[in-house]
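A.B. asks: With the numbering used here, the residue at position 124 of the sequence shown is 241, and numbering never jumps.
The hints are simulated quantities; they were obtained by calculation from the structure and are not laboratory data. From the three backbone atoms N, C-alpha and C, an ideal C-beta is built for every residue, glycine too. Don't take each hint at face value.
To be verified - Label-pair distances were calculated between CB atoms; the ranges are: (1) Ser302 with Gly202: 15 to 25 Å; (2) Gly168 with Ala399: 44 to 54 Å; (3) Gly218 with Gly297: 44 to 54 Å; (4) Gly241 with Lys396: 28 to 38 Å; (5) Thr288 with Arg148: 19 to 29 Å; (6) Leu414 with Ser173: 50 to 60 Å; (7) Asp183 with Thr299: 35 to 45 Å; (8) Ala263 with Gly377: 33 to 43 Å.
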Amino acid sequence: MDTQTPTYSDDELTAALVEHLASLDRDDSYRVERVLKRSSVETTELVYFEGTGGGSLGPFVRKRIDASAQIGGAYERLFAAQRAGRRFEHLPRIVDCRRVGDELNVVMEYIEGETLGALVDRLGATPDYARELYPALCDAVGELHAGFAMAGETSAPVIHRDLKPSNIIVTGANYTPDDGLTFSSLVIIDLGIARVWRDGADADTVKFGTRPYAPPEQYGFGQTSVRSDVYALGVLLFFCLTGVDPKPGLDMREQCEARGIPTPLTDAVCMSMALDPAKRFASAEALGRATRAAYDLSRPVRPPAPAPVRTPASETALTPQGLQNPAGLPRPAASAACGLLSRVPESLGRIWNTLVCFSLLV
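Based on the provided sequences and hints, a complete structural model is requested.
C.D. replies: Put into structure tokens, the structure is as follows:
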């Protein structure tokens, strides 16, 4: 009699692996395929789980984080929430998370896809990102900001603090003139320096970030909040529209205009990147809605097709066949440009650069 090997879904396999890992010594359970990234406080590896019968499961991403760096706590909260049954659409599934000596070891699913940076390199920069992909990115950040609280707990926002093109994975992305930009999923990765917002705190304990995506408060000038990630989202919008990062210290509106960004989208970028957090969008979702509306305002207006001109019979002999009067064609109405923000002085940007450099040296 033929026997058939049972099949399992990815979720079933991952759940089984989580339970199995809980019952054994995991130090020698993984085979390192290659190192993806290494820094002074964190090593990221592509690994496979090796079973006792010789089989393997994977690939997975493993992060080995220096516990003394006071980072990585967001992974522990996410793991606990997922073990309790919560599911997140835009965050990776954590398979294992535990502290071993002076290290925090985190194993998570490997997301097949390409980074936002690779996507823009492949398909080019276009305002069409503002129609579908960018609002989805804002929703993904909003999911993170909703926190990892479980039933009965008070939820506190989780601030990513390192949103940039290499930390956003997009799957199934394609672009055609007719359909625009389409994609299957969008996932935010690398929660290493993410932190939970604390009511009453004056500044972050640990200062990390990537220029030009980090706002002033991330360098010790105040506590980071959801509006800190909104700042980074504004930089990401500029990147999606131009394919380059903005130049720190220069007027953002002038940079947008120099790159030919339509005025409504320029307003969204500038408001997101205001130096004062209180002047930015209040949430990632609000920025996503505003960006989609700005895209609609930025699309070229197509004039309606002209009505057929009826020629009186008495003039038929005087009018060449098929000739129409161009003056009779309707013309698209000119759009009025109105800015939401006043210009930020260039001198203030230079002062900000000096302060950032000083804070990094200290």
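A.B. asks: Now tell me if each hint is right for this structure.
C.D. replies: These are the hints, each one checked on the structure:
In this structure the supplied range 15 to 25 Å holds for Ser302 paired with Gly202, their Cβ-Cβ distance being about 21 Å. Take Gly168 and Ala399: their Cβ atoms lie about 49 Å apart, and the range 44 to 54 Å holds. Taking 44 to 54 Å as the suggested C-beta distance range, the pair Gly218 and Gly297 conforms, at roughly 50 Å. Judged by the Cβ atoms, the range 28 to 38 Å given for Gly241 and Lys396 holds: they are separated by roughly 32 Å.
For the pair Thr288 and Arg148, the supplied restraint of 19 to 29 Å holds, since their beta-carbon distance comes to about 25 Å. For the hinted restraint 50 to 60 Å between Leu414 and Ser173, the CB-CB distance of approximately 52 Å keeps it satisfied. Taken as a hint, the range 35 to 45 Å holds for the pair Asp183 and Thr299, whose Cβ atoms sit roughly 40 Å apart. In this structure, Ala263 and Gly377 meet the distance hint of 33 to 43 Å, their C-beta atoms being roughly 36 Å apart.
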